[in-house]
Amino acid sequence: MELKAGARLKSQVDETQVIVVRAPQGDVELSCGGAPMVALDADGPGGELDPAWAGGTQLGKRYADEDAGIEVLCTKAGKGSLALNGAPLGLKQAKPLPASD
Amino acid sequence: MLLEMAGEAGEGRLAVGGLSYPALLEQARRAAAWLGQRDAANVGLVDVNSAAGPIALFGAAIAGRPFAPVNYRWSDDQLRRAAERLAPAVLIVDAPVVARLAGVDGVEVVTREAFLGALAGVDAPDLPADETDAPAVLLFTSGTSGDPKVAVLRHDNLVSYILGTVEFMGADDDEAALVSVPPYHVAGIAGMLSGIYGGRRIVQLPAFDPEEWVEVADAERVTHAMVVPTMLSRILEVLDARPDVKLPALRHLAYGGGRMPVPVIEAAVARLPHVSFVNAYGLTETSSTISVLTPDDHRDAVASDDPGVRRRLGSVGRPLPTVEVEVRDADGKALGPGEPGEIWVRGDQVSGEYLGVGSVRDEGGWFPTKDGGWIDDEGYLFIEGRLDDVIVRGGENISPGEIEDVLLSHPCVADAAVCGVPDSDWGEAVAAVVVAAPGAQVDVAELQAFVRDRLRSAKTPARIEVRDALPYNDNGKLMRRLLKAELHSGG
Chain A
505 MELKAGARLK SQVDETQVIV VRAPQGDVEL SCGGAPMVAL DADGPGGELD PAWAGGTQLG
565 KRYADEDAGI EVLCTKAGKG SLALNGAPLG LKQAKPLPAS D
Chain B
11 MLLEMAGEAG EGRLAVGGLS YPALLEQARR AAAWLGQRDA ANVGLVDVNS AAGPIALFGA
71 AIAGRPFAPV NYRWSDDQLR RAAERLAPAV LIVDAPVVAR LAGVDGVEVV TREAFLGALA
131 GVDAPDLPAD ETDAPAVLLF TSGTSGDPKV AVLRHDNLVS YILGTVEFMG ADDDEAALVS
191 VPPYHVAGIA GMLSGIYGGR RIVQLPAFDP EEWVEVADAE RVTHAMVVPT MLSRILEVLD
251 ARPDVKLPAL RHLAYGGGRM PVPVIEAAVA RLPHVSFVNA YGLTETSSTI SVLTPDDHRD
311 AVASDDPGVR RRLGSVGRPL PTVEVEVRDA DGKALGPGEP GEIWVRGDQV SGEYLGVGSV
371 RDEGGWFPTK DGGWIDDEGY LFIEGRLDDV IVRGGENISP GEIEDVLLSH PCVADAAVCG
431 VPDSDWGEAV AAVVVAAPGA QVDVAELQAF VRDRLRSAKT PARIEVRDAL PYNDNGKLMR
491 RLLKAELHSG G
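Top to bottom, those sequences are chains A and B. Reading the first sequence from the start, the letters are residues 505 to 605 in our numbering. Reading the second sequence from the start, the letters are residues 11 to 501 in our numbering.
Don't read these hints as lab results, they were simulated from the structure. This one's a predicted model, so the numbers in the text were calculated from it and none came from an experiment. Here a beta-carbon is modelled for each residue, glycine too, at the ideal position from N, C-alpha and C. Please note that a few of the clues may not be correct.
[To be verified] Distance ranges between label pairs, derived from CB positions:
no.	chain 1	residue 1	chain 2	residue 2	range
1	A	P600	B	A217	30 to 36 Å
2	A	D571	B	G127	53 to 59 Å
3	A	D545	B	D341	29 to 35 Å
4	A	E519	B	D310	44 to 50 Å
5	A	E506	B	P283	51 to 57 Å
6	B	G22	A	G560	40 to 46 Å
7	B	D143	A	K565	21 to 27 Å
8	B	D115	A	E519	42 to 48 Å
Given only the sequences and the hints, what does the whole structure look like? Please build it.
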């Protein structure tokens, strides 16, 4: 599917939800727990978590692949792990900005 | 969504008004259910800062209704006009406001106490926050004539701002933010969202008062705060009178919302040497901050002998990584480093949209700020003020700000404002109004010479008037247009 910054997606096989912070160009597959992620308002989870993709997601953490130009933020934690076109997304270290308000 | 995340992770942390994160989420869900029983299109708030503000803000978001905080200091006419524009609406208000809004069609007025009381009687269903790109917050801009414009900030804008600038639950356990800007100011909204997403306990001041600010900051061991420049100079006055108060817990003070005179920030750095200062520049239409001068930038500027680096203390720093800033000339052509023009901005957090008007962004998504400024060769952004305020003297554009800074650096001057007045020779002439420092006498000729020595004669006020006070609106913004009109009519 084509990803768009600001889009919210959920896993079909676990509790994970994400928001897209930076979207790559073109048609890609973002998956969680081994199954493609779907729009937040799509019909509820189905299928089984693939044990090969069960590293888990952490609330509030960023997952990214710099080269692919993707970054997502986990808005609900789950047991699955994230991948783009089959390549795992790494945990991104935050570069903190000073608070301005 | 932001609060849902915080509600899940913030167990054991206090959010605001003694409520933990899960408790705040619960209250917001109750508020959403309560709002769901009403056919109001908008949720207004006409009140000082209290826990009802964030409950209503997040409750409205969950219920899918825009949240519209309104200035409670407005006249009855202005308030009623704002209420009419929001109708059909439910307005949560400070008790004295009820009578002032009596009989406005399509508006249900509920006191803060009644609102909070009603929540106890509502179930809190596990409502998902149904955010799309729908309007989240409506803010009345502080226009001085006619109907104020209403800026529309969508969920996408605000979420983009928060995700781009705040680390989720990134605050240390002891952090506390003092919110003293009013709820109808974009910094009040942004402060609420940042504090809650970042996991920082929020301490609210119902309304700003410098004595109270210092008291509360000290007593609550406040670590973070955001103030507008006039607030900071009044806080410094209080601190000057009370050398015993050191505010040891305070470590981070952000300022913005108007031009900070360099003498004021220098005095603040000297008085509070343990505090990191952050200058934030942003507009209502850009969902708050778009550019920051960091604590390190402050330290480097203060310590430097290089005038180019030192000068950056008067800049608003560099744009956020998630925002692009460009300076353009009147024909829309992008300008290079050091060239002054209008500041344009682009990014997901930039709304640039008004109720009943639509978006004023150009086809590339750029929003014209109507602020004049320039960018130095290292990317630091300097704001020269509203383009409308620029004085055109004999074809030369003169910014009031730098003249005001020079006036303020004179020991006899406590406050100063500069504006253009019609002049038969020059088109416009530079005029200044100053307030004398306590016990001081202003010698106009000497002050003119003082400016001439530091700037040049074109920038020297042809006329200087001494007054007891300058006119500020309640956001601490100098009402330059009012002053200009007075000076004009005064001859």
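Hints, one by one, checked against the model:
1. Between P600 (chain A) and A217 (chain B) the beta carbons are some 31 Å apart, a value that agrees with the proposed interval 30 to 36 Å.
2. Between D571 (chain A) and G127 (chain B), the C-beta spacing of about 55 Å keeps the proposed range 53 to 59 Å intact.
3. At about 45 Å, the beta-carbon gap between D545 (chain A) and D341 (chain B) misses the expected band of 29 to 35 Å.
4. With their beta carbons about 46 Å apart, E519 (chain A) and D310 (chain B) fall inside the hinted range of 44 to 50 Å.
5. Taken as a hint, the range 51 to 57 Å holds for the pair E506 (chain A) and P283 (chain B), whose Cβ atoms sit roughly 52 Å apart.
6. Distance hint check for G22 (chain B) and G560 (chain A): the Cβ-Cβ separation is about 22 Å, which falls outside the suggested range of 40 to 46 Å.
7. The supplied range of 21 to 27 Å is met by D143 (chain B) and K565 (chain A), whose beta-carbon atoms lie about 25 Å from each other.
8. Range check, D115 (chain B) to E519 (chain A): about 46 Å between beta-carbon atoms, so the 42 to 48 Å window is met.
Consistency note: the structure conflicts with the earlier hints numbered 3 and 6.
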